Structures are given as C-alpha cells and as structure tokens.
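> Here is what each chain is made of, one letter per residue.
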Amino acid sequence: AQRVTQPEKLLSVFKGAPVELKCNYSYSGSPELFWYVQYSRQRLQLLLRHISRESIKGFTADLNKGETSFHLKKPFAQEEDSAMYYCALRALGGAQKLVFGQGTRLTINP
Amino acid sequence: DTGVSQDPRHKITKRGQNVTFRCDPISEHNRLYWYRQTLGQGPEFLTYFQNEAQLEKSRLLSDRFSAERPKGSFSTLEIQRTEQGDSAMYLCASSPKTSRSSYNEQFFGPGTRLTVL
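The listed protein sequences correspond, in order, to chains X and P. Just so we're aligned: the first sequence equals residues 1 to 110 in the working numbering. Just so we're aligned: the second sequence equals residues 1001 to 1117 in the working numbering.
Next comes chain P alone, as it looks inside the complex:
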C-alpha cells in the first residue's frame, strides 16, 4: 500500500462540462475527506465520510458538487457544469478507524489539479 491515491492527477475541461475524480484511501482507513485548495490558499474542507456515510458537508459544496463512497472504500467527487472558479487542486485524505470523537492523522493524496477553460 503506497498511500492515498487519486485519479486523474490532472484534468483540463471546458466550462459547462462535468468531471469526476476518484480517491482510493489507505486500506482499512474508514474515514475519507475531500478538500479543495486554490492558488495561494490552504486546503479548504469540502466533505467527510465515515465508511459509506457522508457525515459533514461544507457550505462550499454547492448543488453542483456531489461526493459518494458507495462501499466504504474508494470515493468519487463529481462536479457538474464546471465553472472557471472551480479550478483548483482537489485533495483527498484518509484516516484510520478510531472512536468517533478522537482524532487520527489524516494522510493526504497527491491531489487532482482541475483547470476549467
């Protein structure tokens, strides 16, 4: 296991198109997170899954964004009708199984860089 993987690493699309990104967490990590990072900013939280349940969603996640984790393993993030403002690095992270209120280190993937023309 080489860590969190994301696919694709780069995506260029035209405004109005739909895009889907995939994240494969570290094996047996039951928590999975999506963040977005725009140029010159730190990562911003988008959403979080515990197993297949989506437990937190940021207000940044507009109706055009949807995330799934159907079997509690990999996750997909879809953006519909992309806009130029969606151009960013989309980061996925995972953390291992633990009690609900305690924290474990989040391990980040390499990210998917989205460019909307």
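Excised from the complex, chain X in its bound form:
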C-alpha cells in the first residue's frame, strides 16, 4: 500500500526564516514524489517533482530513499509562500494516480 504522511498540519514561520515542510512516504516499490501547492482561492498546482531536481520559487526537495522522506525546504521564507502544501506519491511503472498527504498549511508572518 502507498501512504504519504505530512506530520505537521500547521506551520508558522517568520519572513526571512528557513522553512522545512516534512513529508514521509511508505511504498515498497520505486516512487515518484511531488509537492503540490494551493494558494488562497487558487487551484491546486504542481510546485516541483523529485525527478526534475529543480528549484522552484526558491524551494527544493530531495528524495531520501533511506529515510523514505521528501522534505520541502526554502532558506528564506517570503510572505507569498503562505499556502497549503501537499506532498504526493506516484508509483513508477504505469500507475497514474497520485496519493496525497493530508497537507500542511504554511503561514509566513511579517
């Protein structure tokens, strides 16, 4: 079975401080991991995926297979980063469905 756990429902940091949103997964095969973001009154959108190894809006995430984690990090938080963040997993090899975590609401305080 595939499972994604985001242990923090709420996370609040000050502007300019580092941010880390935690994501742990459970899957016996090879996973593909994603971070999706939903800004206020906007639709869910892809932020980044581990295969791309990109930095998007200053965010990075590294897949750690040993710890089965895919934490999202940003060195200096900005107010516009306030949003709902979802970690998601897809099983490599054909399955198309995404398995999402419960989400973390990130609030950046001025």
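Check each hint, because a few of them may be wrong.
What the hints assert, rightly or not - Which bits of chain X does chain P cover? Going by a derived footprint, with three or more residues having C-beta under 8 Å, they are:
1) 38-48
2) 97-107
What the hints assert, rightly or not - Computed list of chain P residues with no C-beta within reach of chain X, every gap over 10 Å:
3) K1011
4) S1027
5) F1065
6) S1073
7) D1086
Worth flagging that the hints you see were computed from the coordinates, not collected in a lab. Given the structure is predicted, the values throughout are model-derived calculations rather than measurements. The C-beta atom is built at its ideal place from N, Cα and C for all residues, glycine as well.
With chain X fixed as given, assemble chain P onto it according to the hints.
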C-alpha cells in the same frame, strides 16, 4: 483555453438525491482524473480515464458512483442516492498525451463542492 473547468462549482442537495458533475479537461489532454477531498484531508484518487477508457477505479468508488467520458473529451461523475458522507470537494484533473508508463503533470480544476443535507 483557461485550464480545466468544472461545473457546477457548488451543489447543495438533500440526502437520497442524485447529483452529476461535469469536468472539461484542457484541450488535447487525453488523461482525466477524479479525486475527492474531504475537510482537512488531501485529495483521494477516485478514477482515471485515458481517452474514453476508464483504466483505474479506487475502492472508494462505491456502486453509487459512476464516471463516464463518452467521447474522450469531457467527463461526468454521478453520485446516486447521496449520503451525508459524500459531502466533499470533487476535483478533476487532466494531463497531456504521453506514453503509457510515463507521467505528465496533472492540471487541476477548481473543484465542485458538494454539500449533502
């Protein structure tokens, strides 16, 4: 093309009634997905189409739920004999044509919020 659209955006119904939602994917996206999101949870996969073929169905999709994509374009999700537990946001997503095992980004619609009284 402004992205995935869903209609209606909100639906309030009484328990026992049938409801139908529509999703229009981005043009030429051959994959279409339905998810359900309840309060405080992430989206949960319901079903997935490639063109008009329904290729995956979640165990969440009980006999009261049916989804169609008759011409490989728009899709409908029908819930029969609604229950209060069906109250949720129903999300549709689409992704472009690609090889079977590779992945392309899923683009989400705004969702249909269902309230069952």
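> Against this structure, judge whether each hint is valid.
Verification of the hints:
1. 38-48: holds (count 4)
2. 97-107: holds (count 7)
3. K1011: Consistent with the label, K1011 (chain P) stays out of reach of chain X, its closest Cβ about 18 Å off (over 10 Å).
4. S1027: Nearest chain X Cβ is 17 Å from S1027 (chain P), so the label holds.
5. F1065: Its Cβ never comes within 10 Å of chain X, the nearest being 16 Å, so this holds.
6. S1073: The assertion about S1073 (chain P) holds, with a minimum of 18 Å to chain X.
7. D1086: holds (19 Å)
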